[in-house]
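Colleague: Residues per chain, in single letters:
Protein chains: 2
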Amino acid sequence: MDEVQNHAFRLRREDMPPVKKRENMEEIKKIMLAHGGGGRLMGDLIARMIVPKFGDGQSVQLTDSAVIDVPSDKICFTTDSFVVQPLFFNGGDIGKLSVCGTVNDLAVAGAKPMALSLSLILEEGLDMDILEKILQSIADTAKAANVNIVTGDTKVVETGSADGIFINTSGVGVLMDNADLSFARIKPGDAILINGTLGDHGMTIMSQREGLKFDTPLSSDCACLHELTQMLCENCGEAVKFMRDPTRGGLAATLNEVAKSSGVNVELTETALPIDKTVQTAADMLGFDLLNIANEGKVLAVVDAAVADKAIDLWKSHPLGKKAAVIGTIAETDDSPLVELVTKIGGRRIVQTPYGRELPRIC
Amino acid sequence: MDEVQNHAFRLRREDMPPVKKRENMEEIKKIMLAHGGGGRLMGDLIARMIVPKFGDGQSVQLTDSAVIDVPSDKICFTTDSFVVQPLFFNGGDIGKLSVCGTVNDLAVAGAKPMALSLSLILEEGLDMDILEKILQSIADTAKAANVNIVTGDTKVVETGSADGIFINTSGVGVLMDNADLSFARIKPGDAILINGTLGDHGMTIMSQREGLKFDTPLSSDCACLHELTQMLCENCGEAVKFMRDPTRGGLAATLNEVAKSSGVNVELTETALPIDKTVQTAADMLGFDLLNIANEGKVLAVVDAAVADKAIDLWKSHPLGKKAAVIGTIAETDDSPLVELVTKIGGRRIVQTPYGRELPRIC
Numbered sequence: 137m138d139e140v141q142n143h144a145f146r147l148r149r150e151d152m153p154p155v156k157k158r159e160n161m162e163e164i165k166k167i168m169l170a171h172g173g174g175g176r177l178m179g180d181l182i183a184r185m186i187v188p189k190f191g192d193g194q195s196v197q198l199t200d201s202a203v204i205d206v207p208s209d210k211i212c213f214t215t216d217s218f219v220v221q222p223l224f225f226n227g228g229d230i231g232k233l234s235v236c237g238t239v240n241d242l243a244v245a246g247a248k249p250m251a252l253s254l255s256l257i258l259e260e261g262l263d264m265d266i267l268e269k270i271l272q273s274i275a276d277t278a279k280a281a282n283v284n285i286v287t288g289d290t291k292v293v294e295t296g297s298a299d300g301i302f303i304n305t306s307g308v309g310v311l312m313d314n315a316d317l318s319f320a321r322i323k324p325g326d327a328i329l330i331n332g333t334l335g336d337h338g339m340t341i342m343s344q345r346e347g348l349k350f351d352t353p354l355s356s357d358c359a360c361l362h363e364l365t366q367m368l369c370e371n372c373g374e375a376v377k378f379m380r381d382p383t384r385g386g387l388a389a390t391l392n393e394v395a396k397s398s399g400v401n402v403e404l405t406e407t408a409l410p411i412d413k414t415v416q417t418a419a420d421m422l423g424f425d426l427l428n429i430a431n432e433g434k435v436l437a438v439v440d441a442a443v444a445d446k447a448i449d450l451w452k453s454h455p456l457g458k459k460a461a462v463i464g465t466i467a468e469t470d471d472s473p474l475v476e477l478v479t480k481i482g483g484r485r486i487v488q489t490p491y492g493r494e495l496p497r498i499c
Numbered sequence: 137m138d139e140v141q142n143h144a145f146r147l148r149r150e151d152m153p154p155v156k157k158r159e160n161m162e163e164i165k166k167i168m169l170a171h172g173g174g175g176r177l178m179g180d181l182i183a184r185m186i187v188p189k190f191g192d193g194q195s196v197q198l199t200d201s202a203v204i205d206v207p208s209d210k211i212c213f214t215t216d217s218f219v220v221q222p223l224f225f226n227g228g229d230i231g232k233l234s235v236c237g238t239v240n241d242l243a244v245a246g247a248k249p250m251a252l253s254l255s256l257i258l259e260e261g262l263d264m265d266i267l268e269k270i271l272q273s274i275a276d277t278a279k280a281a282n283v284n285i286v287t288g289d290t291k292v293v294e295t296g297s298a299d300g301i302f303i304n305t306s307g308v309g310v311l312m313d314n315a316d317l318s319f320a321r322i323k324p325g326d327a328i329l330i331n332g333t334l335g336d337h338g339m340t341i342m343s344q345r346e347g348l349k350f351d352t353p354l355s356s357d358c359a360c361l362h363e364l365t366q367m368l369c370e371n372c373g374e375a376v377k378f379m380r381d382p383t384r385g386g387l388a389a390t391l392n393e394v395a396k397s398s399g400v401n402v403e404l405t406e407t408a409l410p411i412d413k414t415v416q417t418a419a420d421m422l423g424f425d426l427l428n429i430a431n432e433g434k435v436l437a438v439v440d441a442a443v444a445d446k447a448i449d450l451w452k453s454h455p456l457g458k459k460a461a462v463i464g465t466i467a468e469t470d471d472s473p474l475v476e477l478v479t480k481i482g483g484r485r486i487v488q489t490p491y492g493r494e495l496p497r498i499c
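So the sequence lines, in the order shown, correspond to chains C and F. Each residue of the first sequence is one higher than the one before, starting from 137 at the first, in this note's numbering. Each residue of the second sequence is one higher than the one before, starting from 137 at the first, in this note's numbering.
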C-alpha cells in the first residue's frame with residue numbers, strides 16, 4: 137500500500153516543468169534580481185562567467201570560504217570596496233583597480249599577497265557584457281600579480297539602488313621576514329621617496345568626468361606595486377621604515393598621517409616632485425592641488441637616508457619606477473607636527489590634510 | 137636672504153584658515169560625500185564613530201591592513217556583502233547580519249573565526265544616527281562572538297547611487313584539527329541534521345516588507361553559529377562529514393548542492409522539519425515554500441548515522457539548538473542525484489533548486 141502510494145505521488149524527472157524561455161540563461165543579456173537569489177540563475181552566473189576566469193579549474197573553490205596554506209605565523213589582512221565612476225577609464229577600470237588596490241594595501245604593509253576574495257554588488261539591469269569585461273580585467277590583473285581569487289560572493293539590488301557595480305576585494309598576505317615597518321621607526325633625517333608622477337589617477341578620472349581632452353591623453357597610474365615594495369624590503373631590509381600607497385587624499389593625507397603618527401615634521405621639496413605636464417595642466421584648469429589627488433600606482437617610502445640613492449636606483453630598474461625620486465626629508469618638530477612644502481622660490485607652505493571634498497568616487 | 141624669504145613666505149599655524157562652521161564635525165547629522173574622500177572628514181568619522189566601538193583601543197589597528205598571528209598553517213578565508221532591506225528587522229539588523237554571516241561561513245567550514253574586516257559603502261545623506269546604531273550592533277555582535285574587527289574601509293556614494301548602506305565583511309579563521317569536511321565524505325546512510333526552525337529570517341523580512349502583522353511577531357533567526365559547529369567537531373570528530381548554513385536559496389539550494397556535488401540522493405522527511413507555526417502561516421499567505429527561504433541562524437550538518445542522536449543531544453544543550461532535529465538521510469542514487477521530500481502522507485516530491493526570484497535583498 138505504502139509502495140503504491142509512493143509511486144502514485146512520485147513526481148518523476150520527466151514530469152518536471154520544462155525550462156521556461158526566460159530561463160534560457162545564455163540569452164539573458166542583463167543582470168536580473170534573481171542572479172542574486174542564491175538559486176539556479178546565480179549558480180549559472182557563477183559557473184559560466186566567474187569560475188572559468190579565475191584559475192585553472194583546480195585552484196578554484198566554489199564554497200563560501202577557501203582554505204589557504206600559510207607558510208608563516210603572521211599574516212596580513214586587508215579590505216577595500218570600489219565604487220569608482222566611470223567604470224572604465226584610460227589606464228584601467230573598476231576591475232583592475234579592485235585587484236591593484238588590495239594588492240597594494242598588502243604590499244605597502246610589507247606582505248607578499250597570497251589570496252584575494254571578490255564580492256560583487258550588481259545593479260539589476262547591468263549589461264552582461266560590461267560585467268564580462270570587468271571580470272576579465274580582474275582575472276588578467278590577478279594573474280599578472282600572481283595572486284589567486286579564492287572565494288567570492290554576489291549580490292544583486294534593484295535598478296536605482298546601486299550604481300552599476302560595486303566591488304569589494306579583501307586580501308591575505310604573508311609578512312616578509314625582512315620587513316619591519318611602522319610609524320614609530322621614522323626618525324629625523326630619513327628620506328622620503330616616491331616611485332613616479334603624482335595625481336595621474338585622480339586627474340584622469342576627473343578629466344574624463346568633465347569631458348576634458350588633451351593632445352597627450354591622461355592615463356591612470358593604476359598598477360600593482362608588490363614588486364617595488366618587495367625589491368625595497370629585500371635589498372634595503374630594516375633601512376626601510378614605512379611604506380604607504382597615497383590613494384584618496386593623495387600625498388597630503390598620507391604625509392600628514394606620517395607627521396602626526398610619528399611625531400615629526402615632513403619637508404617636501406616642490407622642485408623634486410615628479411609631475412606629468414598634462415596632469416598639471418588638467419589640475420590647473422580644474423582647480424586642484426596635485427598633492428591632494430589620488431594615486432593608484434604610487435608607493436611612498438620613508439627610508440634611512442643612507443640607502444636613499446640605492447633605493448631610487450632599484451626602483452628605476454623597474455617599469456613602474458622609472459620616475460622615482462627623493463621628494464623630501466623627515467625633520468625634527470619643535471611644536472605640533474607639520475607637513476611643509478619648500479616651494480620653487482624657497483618659501484614654505486603648510487600642506488594640510490585635505491577636507492575630503494575634492495574627488496568623490498575616485499576609487 | 138634665503139632666510140628672510142623663508143620667513144616671509146612661511147604660513148604660520150595661526151595664519152591657517154579657521155575651521156568653517158560646516159566643518160564642526162560633531163554637528164554633522166548626515167553622511168556627506170566628503171566622508172569618503174580620504175581627508176579630514178573621513179578621519180573624523182573613523183576616529184569618532186568607528187574606532188571607539190571596535191576593541192579596547194589596543195587591538196584596533198587603523199592602518200589599511202592588519203597583521204594577525206595565526207596558530208596554524210591552514211587558514212580559512214571568506215567574504216560576504218550585505219544589502220538587506222529593511223536595514224532593521226525584528227531579531228536583527230544589517231550590522232548583526234554582516235557579522236553573523238561571515239562568522240557562520242567560517243564556522244561551517246570547520247574553522248574558528250579569528251578576525252573580520254569591515255567595509256562600508258554609505259549613501260550620501262544617510263543619518264548618522266542610523267550609522268551609529270548599525271556600528272554598535274556590529275560591535276556588540278562581534279564582541280559576543282569573540283571575534284575582532286581588525287581592518288576596514290569606508291566609501292561614500294551620491295544620494296541615489298546606493299541604498300542607505302551596504303556592508304562587506306570578510307573573515308579569517310583557523311581550521312580546527314578535528315574538522316574534516318567535504319562533499320566527498322558524504323555517503324549513503326548518513327543523517328542530515330538541522331539546529332532549529334526553517335525560514336524564520338526570510339519570512340520575517342518578507343512579512344515586514346509586506347506589512348503583515350501577526351499576534352506572535354516573526355523574528356529573524358540571525359545568530360552566530362560557531363559554538364554549535366565547534367561543539368559538533370570537537371565531540372563527534374570525523375563522523376561530521378559536512379556543514380553548511382542554508383541562507384539564500386534555503387534548504388532546497390543547499391541540499392541540491394549536496395546531492396549534485398556528492399553524487400547521492402537526499403531524502404527529507406517532511407514531518408521531521410522544525411517549522412514555526414506563524415512562519416508557516418506567513419509563508420502560506422505570501423505563497424512561499426519554506427524550503428526555499430533564507431535562514432541566518434541555521435546550520436545543516438551531514439553526520440555518520442551512528443552519532444546522529446549524540447549530535448542532536450549536544451545541540452539541544454545550547455540555546456541555538458533547542459529545536460534541533462534529524463530531518464533526513466543520504467541515499468544511493470540510481471540516476472542523476474535528486475533531493476526528495478517524503479511528504480506527510482508518504483508521497484514523494486522532488487525538491488528543486490529554486491530559481492532565485494523569491495527573495496531579493498534578503499541578506
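Since the hints were derived computationally from the structure, they do not count as laboratory data. A portion of the hints provided could be inaccurate.
For identical chains, the list gives no copy identity; a pair is met inside one copy or between any two copies.
[Claimed, not checked] With a straight-line cut-off of 27 Å between C-alpha atoms, the simulated BS3-like cross-links for lysine-lysine are:
no.: 1; residue 1: Lys-248; residue 2: Lys-210
no.: 2; residue 1: Lys-452; residue 2: Lys-323
no.: 3; residue 1: Lys-166; residue 2: Lys-248
no.: 4; residue 1: Lys-269; residue 2: Lys-480
no.: 5; residue 1: Lys-396; residue 2: Lys-189
no.: 6; residue 1: Lys-349; residue 2: Lys-458
no.: 7; residue 1: Lys-189; residue 2: Lys-210
no.: 8; residue 1: Lys-166; residue 2: Lys-323
no.: 9; residue 1: Lys-413; residue 2: Lys-323
no.: 10; residue 1: Lys-269; residue 2: Lys-459
no.: 11; residue 1: Lys-279; residue 2: Lys-210
no.: 12; residue 1: Lys-413; residue 2: Lys-459
no.: 13; residue 1: Lys-210; residue 2: Lys-459
no.: 14; residue 1: Lys-349; residue 2: Lys-166
no.: 15; residue 1: Lys-166; residue 2: Lys-459
no.: 16; residue 1: Lys-452; residue 2: Lys-269
no.: 17; residue 1: Lys-458; residue 2: Lys-413
no.: 18; residue 1: Lys-458; residue 2: Lys-279
no.: 19; residue 1: Lys-459; residue 2: Lys-349
no.: 20; residue 1: Lys-166; residue 2: Lys-452
For clarity, every value in this text was computed on a predicted model and none was experimentally measured.
Colleague: Taking the hints in turn, state whether each one holds.
Modeller: Hints versus structure:
Taking the shortest Cα distances, Lys-248 and Lys-210 sit within 27 Å of each other both inside one copy (11 Å) and across copies (17 Å). In this assembly of identical chains, the alpha carbons of Lys-452 and Lys-323 lie at most 27 Å apart only when taken from the same copy (25 Å versus 59 Å across copies). Taking the shortest Cα distances, Lys-166 and Lys-248 never come within 27 Å of each other, neither inside one copy (37 Å) nor across copies (39 Å). With identical chains, the CA atoms of Lys-269 and Lys-480 are never at most 27 Å apart, being 44 Å at best within one copy and 50 Å at best between copies.
For a Cα distance limit of 27 Å, the shortest separation of Lys-396 from Lys-189 across copies, 22 Å, qualifies, whereas the shortest one inside one copy, 43 Å, does not. In this homomeric assembly, Lys-349 and Lys-458 come within 27 Å of each other (Cα to Cα) only inside a single copy, at 26 Å, whereas the closest approach across copies is 66 Å. When the C-alpha separation of Lys-189 and Lys-210 is checked against a cutoff of 27 Å, the pair qualifies only between copies, where the shortest distance is 25 Å, while the shortest distance within a copy is 30 Å. With identical chains, the CA atoms of Lys-166 and Lys-323 are never at most 27 Å apart, being 55 Å at best within one copy and 40 Å at best between copies.
For the homomeric pair Lys-413 and Lys-323, neither the shortest alpha-carbon distance inside one copy (33 Å) nor that between copies (67 Å) is at most 27 Å. Proximity of Lys-269 and Lys-459 under a CA criterion of 27 Å is satisfied in neither setting, with 31 Å inside one chain copy and 47 Å between copies. Taking CA atoms no more than 27 Å apart as the test, Lys-279 paired with Lys-210 passes in both settings, with 24 Å inside one copy and 23 Å between copies. Taking CA atoms no more than 27 Å apart as the test, Lys-413 paired with Lys-459 passes inside one copy only; the shortest distance there is 13 Å, against 69 Å between copies.
For the identical chains of this complex, Lys-210 and Lys-459 are neighbours neither inside a copy (33 Å) nor across copies (40 Å), given an alpha-carbon limit of 27 Å. Within a single copy, Lys-349 and Lys-166 get their C-alpha atoms no closer than 32 Å, and across copies no closer than 36 Å, so neither meets the 27 Å cut-off. Neither within a single protomer nor between protomers do Lys-166 and Lys-459 lie at most 27 Å apart by alpha-carbon distance, with minima of 43 Å and 42 Å respectively. In the homo-oligomer, the alpha carbons of Lys-452 and Lys-269 never lie at most 27 Å apart, since the shortest distance is 32 Å inside one protomer and 49 Å across protomers.
Proximity of Lys-458 to Lys-413 under the C-alpha cut-off of 27 Å is restricted to the intra-copy arrangement: shortest distance 16 Å within a copy versus 69 Å between copies. Within a single copy, Lys-458 and Lys-279 get their C-alpha atoms as close as 23 Å, which meets the 27 Å cut-off; across copies the closest is 48 Å, which misses it. In this assembly of identical chains, the alpha carbons of Lys-459 and Lys-349 lie at most 27 Å apart only when taken from the same copy (24 Å versus 66 Å across copies). Within a single copy, Lys-166 and Lys-452 get their C-alpha atoms no closer than 45 Å, and across copies no closer than 46 Å, so neither meets the 27 Å cut-off.
Violated hints, in rising order: 3, 4, 8, 9, 10, 13, 14, 15, 16, 20; the structure is consistent with all others.
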